[in-house]
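Knowing the structure of chain Z, use the given hints to seat chain R on it.
There are 2 protein chains.
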Amino acid sequence: MRRVAIVGIGHTKFGVRNASLRELAFEAAREALEDAKLTIDDLDSLIVGIVSAEFAKMVSPGAQIAEYLGINPKGSMRVEAACATGSAAIRAGYMTIASGLSDLVLVVGCEKMRELSTQEGLEIMSKAADTKWEYSFCCTFAGYYAMLANAHMKRYGTTEEQLAMVGVKNHSNALNNPYAHLHKKINIDDVLNSKMVAYPLKLYDSCPLSDGAAAVVLASDELANKFEEPIWISGLGVATDTASMMTRESYTEIRGATLAAREAYKYAKVDPSDIDLAEVHDAFTIGEILAYEDLGFCKKGKGGELVEEGETEIGGKIPVNTDGGLKAKGHPLGATGVSQAVEIVTQLRGEAGKRQVEGAEIGLSHNVGGNGQYIFVTIYKR
Amino acid sequence: MRRVAIVGIGHTKFGVRNASLRELAFEAAREALEDAKLTIDDLDSLIVGIVSAEFAKMVSPGAQIAEYLGINPKGSMRVEAACATGSAAIRAGYMTIASGLSDLVLVVGCEKMRELSTQEGLEIMSKAADTKWEYSFCCTFAGYYAMLANAHMKRYGTTEEQLAMVGVKNHSNALNNPYAHLHKKINIDDVLNSKMVAYPLKLYDSCPLSDGAAAVVLASDELANKFEEPIWISGLGVATDTASMMTRESYTEIRGATLAAREAYKYAKVDPSDIDLAEVHDAFTIGEILAYEDLGFCKKGKGGELVEEGETEIGGKIPVNTDGGLKAKGHPLGATGVSQAVEIVTQLRGEAGKRQVEGAEIGLSHNVGGNGQYIFVTIYKR
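The listed protein sequences correspond, in order, to chains Z and R. Numbering-wise, this note's numbering puts 150 at position 150 of the first sequence, and it's gapless, one number per residue. Take the position in the second sequence, starting the count at 1, then add 1000; the result is the number in this note's numbering.
Isolated chain Z, as found in the complex (with noise of 0.2 Å):
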């Protein structure tokens, strides 16, 4: 099989955008091809991640996109996987470089959330969980990020404070990156005191709905060499669970990361203890946490006390959502996996400034879709 590297990186400001759904495409797309000394014409293909054509009132927003970069008549497709759904295309650009189809390809993860109301915006997200028995009864994602937290403090004595900690350490980390859509130092009586949503989660837990695009340029081995810096995507895993959460078996973990990222070990011949830093998943500060567990940061059940302990800061045992994470950058959903993508090379290339891991030669994103129903973990190396 063909080794697949990502050579040019692109990514918008996160936040409400006075922009359109392409616009913010080709704001990341053109970023990207410039980082590759590349025009979109010596493109083979292109992928795009958009979760909901719904939100930019659209049907197949790929091939609007597809024009807009001007990149007809090449090939182009559509992935989605909720909230995973930038991972997701990037599983499908690397699929397309390494079963020969084509050589460079371009992946552009966006989403457009801040053209509706929060109200018109929340209810669509909603629907991308089970909608026959639990949407239709008003569950919520933060309703169910909640279940998860509740059991999580009960089985393993989390704590709200520690829950907290998430969002400050990712706040904080969110004022070094230009492309954050939250740009506010907070502290955990901050979290604390805000807005319940859903106990025990409240506002300062919670990500904020947000416009933006990230954007990849993947090649081929035989390409990519010639590039000055590629970095290489060096394991892959995926897992899916139930759409619906009433059927899981456990409330206290996220099963499918477990396995995803088992795979992508596996793949990438190295264990938790070789990462040198994770982009994982904290829709919710729950979430984060969980990560921890489920990638073998630790043991189960520490999660809490490994944020606690501070070793999830950078100059800590394992940086963890350097760039803001999605509690303080933002999630414009299908944009997320690659924006993932995107910082861990920026880390690995030793180009992230302020926030800058020192010595960083393994970067790992854990994406998950839903509550659950898609995980994809990814493992890049120098």
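In case anyone wonders, no lab produced these hints; they're calculated from the structure. Among the hints, erroneous ones may be present.
Within a straight-line C-alpha distance of at most 25 Å, the following computed DSS-like cross-link-like pairs (lysine-lysine) qualify [unchecked claim]:
id	chain 1	residue 1	chain 2	residue 2
1	Z	K185	Z	K354
2	R	K1127	R	K1057
3	Z	K132	R	K1013
4	Z	K184	Z	K354
5	R	K1381	R	K1226
6	R	K1057	Z	K127
7	R	K1300	R	K1317
8	Z	K57	R	K1057
9	Z	K13	Z	K184
10	R	K1132	Z	K57
11	R	K1381	R	K1269
12	R	K1057	Z	K132
13	R	K1037	R	K1013
14	R	K1127	Z	K127
15	R	K1132	Z	K13
16	Z	K57	R	K1127
Computed Cβ-Cβ distance ranges for the label pairs, DEER-style [what the hints assert, rightly or not]:
id	chain 1	residue 1	chain 2	residue 2	range
17	Z	F137	R	L1203	38 to 44 Å
18	Z	K184	R	S1250	49 to 55 Å
19	Z	A19	R	D1041	43 to 49 Å
20	R	V1016	Z	E249	34 to 40 Å
21	R	E1222	Z	K299	36 to 42 Å
22	Z	E115	R	A1151	33 to 39 Å
Yeah, the Cβ is synthetic: ideal placement off N, Cα and C, and Gly gets one too.
Chain R alone, transformed into the frame defined by chain Z:
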């Protein structure tokens, strides 16, 4: 690169179905697994093709289908390429295996279009085109294809009668396909006298709105040879064009179809004359005439004559849409490309009964997304 074959096929009855999206997907998937003599546990991963989650009032439908099929915790993703989604899903399945990530993949294409009213359905479909400058001015797909038909009639003298002949042929073929939505013999006068939709296209020049699903099991070459009669995916071609019609250079061809066909022929090392049967995208009858030309089955401008001479009937030089095509079999958007593959496999196995093309060895599918913004051409061999 590893070769990939189809080793199992499944298909629901297309039509107005009293079944949910997940039930349709299950029905086709179960048949494909039974055909391959496999169980869901034998599979490595799933690809789901659905155009619009909105039809089924969902946002991330693939996860609910994965759960209903019982494939968790194996990996999955959804792909979308407008009306060519089914073929994009097969391409993604091919890539999953050829890239070495899986050995056995289930590909399910499906769409639930009749839960909403016709008006709502047409509204959703119109948003699969350019939404900024065309949908917003009330363009519809019938209107787009009518423009192509008018241009072709003016430039090449193609007649309304020749368009009607496509419908008559495909309705006739559908009589021998138990899965077809429409089982109704029609003649040229029936077409010419049917309600005008968008001049020159009438009701019987247009495909119906259908519910339905189709599924295939794909296997790597190491595994495929253990099955009774693997049918090999031996050529793949993909191209795109602008989502907007206003920017197209020509209205008398689907440019991307010419390009995708060239790529697929080259990949499979065959010429148009080697193709024993073709499934082409006749959402409107003009689409089939354009396909004859774009695929090289006749010279440019001679598509009308080809159908008039009976060369695309079963027994003709190049039988087209032996299963009734989108026109009479129906066009549940995400299912169509997979359904085309199912018909070709059925024919190449010699199991097509009264609609069998004698001695068929090589089949081709041509699947157009939107008004030509996506085109996938796939070649299958015994």
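So, going through the hints one by one against the coordinates:
1. Z:K185 <-> Z:K354: 16 Å, holds
2. R:K1127 <-> R:K1057: 16 Å, holds
3. Z:K132 <-> R:K1013: 23 Å, holds
4. Z:K184 <-> Z:K354: Holds, at roughly 16 Å.
5. R:K1381 <-> R:K1226: Holds - the C-alpha atoms of K1226 of chain R and K1381 of chain R are around 17 Å apart, at most 25 Å.
6. R:K1057 <-> Z:K127: Answer holds: K1057 of chain R to K127 of chain Z is near 8 Å, not above 25 Å.
7. R:K1300 <-> R:K1317: 17 Å, holds
8. Z:K57 <-> R:K1057: This hinted pair holds, its Cα atoms lying about 14 Å apart.
9. Z:K13 <-> Z:K184: 15 Å, holds
10. R:K1132 <-> Z:K57: 10 Å, holds
11. R:K1381 <-> R:K1269: Holds: K1381 of chain R and K1269 of chain R sit about 11 Å apart, inside 25 Å.
12. R:K1057 <-> Z:K132: Holds: K1057 of chain R and K132 of chain Z sit about 10 Å apart, inside 25 Å.
13. R:K1037 <-> R:K1013: 21 Å, holds
14. R:K1127 <-> Z:K127: 20 Å, holds
15. R:K1132 <-> Z:K13: It holds: about 23 Å lies between the C-alpha atoms, which stays within 25 Å.
16. Z:K57 <-> R:K1127: Holds, at about 8 Å.
17. Z:F137 <-> R:L1203: 38 to 44 Å: 42 Å, holds
18. Z:K184 <-> R:S1250: 49 to 55 Å: Holds, since K184 of chain Z and S1250 of chain R (Cβ atoms, about 53 Å apart) stay within the stated range.
19. Z:A19 <-> R:D1041: 43 to 49 Å: 46 Å, holds
20. R:V1016 <-> Z:E249: 34 to 40 Å: With a Cβ separation near 38 Å, V1016 of chain R and E249 of chain Z satisfy 34 to 40 Å, so the hint holds.
21. R:E1222 <-> Z:K299: 36 to 42 Å: 39 Å, holds
22. Z:E115 <-> R:A1151: 33 to 39 Å: Given a distance of about 35 Å, which is inside 33 to 39 Å, the answer is holds.
Hint violations for this structure: none, all hints satisfied.
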